[in-house]
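Colleague: Spelled out from the first residue to the last, the chains are:
There are 2 protein chains.
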Amino acid sequence: MYRTFCHVGNGCRARRTPPAARIWTQLWCLIRKEEVQSFIERCMTAVGTKQHHACSLAKVLVEGDHRGHYSHGLNRMDMYVKDIKSGICAKDGEPVLEKESAATALVDGRNLLGPVVGNFCMNLAIQKAKEVGVGWVVARGSNHYGIAGYYAMQALKENMIGMSFTNTSPLVVPTRGKACTLGTNPISVAAPAKDGDSFVLDMATSAVALGKVELHDRRNDPIPEGWGCDADGKMSTDPKKVLNGGGLVPIGGSEATGGYKGFGLGMMVEVFCGILAGAHYSNNVRTWKVTDRVADLGQCFVAINPENFAPEFNKRMSDLLSIQREMDAADPDCPVLTAGDPERMNMKKCDDLGGIPYHINVVNHMNEEAKKVGVSELLPVDKLISI
Amino acid sequence: MYRTFCHVGNGCRARRTPPAARIWTQLWCLIRKEEVQSFIERCMTAVGTKQHHACSLAKVLVEGDHRGHYSHGLNRMDMYVKDIKSGICAKDGEPVLEKESAATALVDGRNLLGPVVGNFCMNLAIQKAKEVGVGWVVARGSNHYGIAGYYAMQALKENMIGMSFTNTSPLVVPTRGKACTLGTNPISVAAPAKDGDSFVLDMATSAVALGKVELHDRRNDPIPEGWGCDADGKMSTDPKKVLNGGGLVPIGGSEATGGYKGFGLGMMVEVFCGILAGAHYSNNVRTWKVTDRVADLGQCFVAINPENFAPEFNKRMSDLLSIQREMDAADPDCPVLTAGDPERMNMKKCDDLGGIPYHINVVNHMNEEAKKVGVSELLPVDKLISI
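Chains A and B, in that order, are what the protein sequence lines are. The first sequence runs contiguously to residue 1043 in this note's numbering. The second sequence runs contiguously to residue 1043 in this note's numbering.
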């Protein structure tokens, strides 16, 4: 989706480098995807993760960075390292199929890394959709699984629609409430168009991600109205109030502008995840970044086979995307983008550069983490670039 | 969902009657549900609609009014009468099953009334969910089907999760765009809790319904920022600009507050409906209230059987609802409501009153319409009440 602070851009042409990006110039380090992949694998296996589990995790994190979602990439590796090292997340075993029909499955994630559970479930959903047109698979006993879109997009390889949902730690305050009882509970839906083109929705059901509020806080900038509320449940433009006792608000913002719809969507995700799977849910999910107990997240994975419906699905999908992309834009320099377009632009930029640009502070921090767990081959820090 | 202008209330205690409601006092006419049901049936059969089709339509419209969604009830009857009378909507025939698997179906609605198509599809989805845990049914060749929630809620009777989606005439301007290329494309999800309690999300993917903007226009009131934009795609608080050449904006409002998420959700609904079904889609759907050609709407109906997943679904659902409803509210007089609660309160109020309160102007208008098509038994206009 569009990202206000992605350094690579939001699809607007003829925009000058924003002030913040100018400050960042020279502080970015270009690293090849393969190098990041193997670095994460080394760090994870160093603390005892099975090789193919480490590989699965690394792929999701690298994909997150490649698509421009740095909050769900390498930047989060230390959280996974810590979870495995402390034993709060299982380092061995495989997900277990508990209950199954031709179109559905319930999976016990056995407290394994989220991507291990996610891949298992999404593969199962796709197999079922091949056979009966739809596969609806839910997992309990899972952990953070990176970007939701990674799993939904697996279905694109089979020319199917994919969906993925997860519940998360409570960070969102319901409309009229004043306590966090829902996570940012993302929804991802991917649908294939012609010639490899696609629609890829991957959105939190909160107005914004927590990271955006944190960024404003670090800069001492106010946040826009409609992002978060204070400890009394009142909408606030002060990031400190949102971060200390307040919370994010659902997409839609206040009650007057339809925040109750975002609240309803967050609840819908919880129904598909924690409630259907028998996992933790709502404010029973552990506090964000507090790993005092297992996460037991609930997740949901769906595949739908267009072959079971009207012919020429891909052709119509391409037309639907074209209608939006080709319409006159309110600002001719900022074309209309469909879900997945900003990520596609980000990936192209990375590919043209020959790697993913990481802030040097992130690279240094991750190398420190790697040393702590005894990894000697570190990420390269010498390829500084100007963006 | 919460409704700013519902005369019956938005769940806030100790609120005085708002100024607008004071003006309306004495102008409401109380009519029993059964009387509205048979009146709509009489009007529809008078123009040649089959009796059981007329009955299906009347049930959905009465349910809309009973739940407080007057924009989708009796108020719209003349549109359906006109569609049947002009022959733009088919008065005879039944939906046809075109393609089927154990879990999916593609249905040709044969240009029949939306509720006839909707009931056929939702029943099919429920049957499939009984057998394989999930049923995913899409229809092309359909028409306006009233409130989306009506179909989702059918699944509650079988203790299942129900979903319903429809595309609609273009009224929504995508983020960054300046033309209406999407309808208000609603999402409905219903999930059963214990003892008849439930979660019923029924929301347009636009920030608000068109009717709310029209109401502000009639009163010469500005609309809140984040509801609509002008013909240049700029956010506007002038309802006239939104209604004349502009449009509604997706839930989330502007790009800064996450409007692109609502745009993505509207597109998701279009993927499930027009694109999967091979119906009209996006700006190919006919203009709102212009019936120069068949609607050929696409609709999607889903049933999910909790029995195929973790035991004690209803118990967890009830707990999830209680966590939200029982939390401290920002304003103690306005308790936190979950999706479906405002409608439940509205229904209780109607049931306590012994009927549905309609504005006398609506009743008079509908009686005029009935006379035009030769219906002699009209709605009673003598039961005026103060609310």
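The reader is advised that the hints may include incorrect statements.
[Claimed, not checked] What follows is a set of in silico ranges between Cβ atoms, one per label pair, in the way DEER data are often shown:
1. A:G1030 with B:D984: 43 to 51 Å
2. A:E1024 with B:R981: 43 to 51 Å
3. A:N779 with B:K786: 24 to 32 Å
4. A:K738 with B:L899: 52 to 60 Å
5. A:N900 with B:E814: 17 to 25 Å
6. B:G1010 with A:E756: 45 to 53 Å
7. B:E1025 with A:D975: 35 to 43 Å
8. A:E1024 with B:E787: 54 to 62 Å
9. B:T943 with A:N779: 43 to 51 Å
10. A:N940 with B:K786: 41 to 49 Å
11. B:T943 with A:R981: 49 to 57 Å
12. B:M1003 with A:L899: 34 to 42 Å
13. B:L683 with A:D948: 58 to 66 Å
14. A:K945 with B:M1003: 51 to 59 Å
[Stated by the list, open to error] Covered, in the sense of this in silico footprint (three residues per stretch, anywhere, with C-beta under 8 Å from a C-beta of chain B), are these stretches of chain A:
15. 798-812
16. 828-841
17. 956-970
[Claimed, not checked] Here are the computed lysine-lysine pairs in the BS3-like style, where the Cα-Cα straight-line distance is at most 30 Å:
18. B:K897 with B:K689
19. B:K1027 with A:K890
20. A:K786 with B:K786
21. A:K755 with B:K1005
Derived by calculation from the structure, the hints in this document are not laboratory data. By construction, the Cβ of each residue, glycine as well, lies at the ideal position given by its N, Cα and C atoms.
Colleague: Confirm or reject each hint.
Modeller: Comparing the hints with the structure gives:
no. : hint                            : result
1   : A:G1030 with B:D984: 43 to 51 Å : holds (48 Å)
2   : A:E1024 with B:R981: 43 to 51 Å : holds (46 Å)
3   : A:N779 with B:K786: 24 to 32 Å  : holds (26 Å)
4   : A:K738 with B:L899: 52 to 60 Å  : holds (55 Å)
5   : A:N900 with B:E814: 17 to 25 Å  : violated (46 Å)
6   : B:G1010 with A:E756: 45 to 53 Å : holds (50 Å)
7   : B:E1025 with A:D975: 35 to 43 Å : holds (38 Å)
8   : A:E1024 with B:E787: 54 to 62 Å : holds (56 Å)
9   : B:T943 with A:N779: 43 to 51 Å  : holds (44 Å)
10  : A:N940 with B:K786: 41 to 49 Å  : violated (31 Å)
11  : B:T943 with A:R981: 49 to 57 Å  : violated (22 Å)
12  : B:M1003 with A:L899: 34 to 42 Å : holds (40 Å)
13  : B:L683 with A:D948: 58 to 66 Å  : holds (59 Å)
14  : A:K945 with B:M1003: 51 to 59 Å : violated (43 Å)
15  : 798-812                         : violated (count 0)
16  : 828-841                         : holds (count 7)
17  : 956-970                         : holds (count 9)
18  : B:K897 with B:K689              : violated (38 Å)
19  : B:K1027 with A:K890             : violated (52 Å)
20  : A:K786 with B:K786              : holds (20 Å)
21  : A:K755 with B:K1005             : violated (43 Å)
Hint compliance for this structure: hints 5, 10, 11, 14, 15, 18, 19 and 21 are broken, all remaining hints hold.
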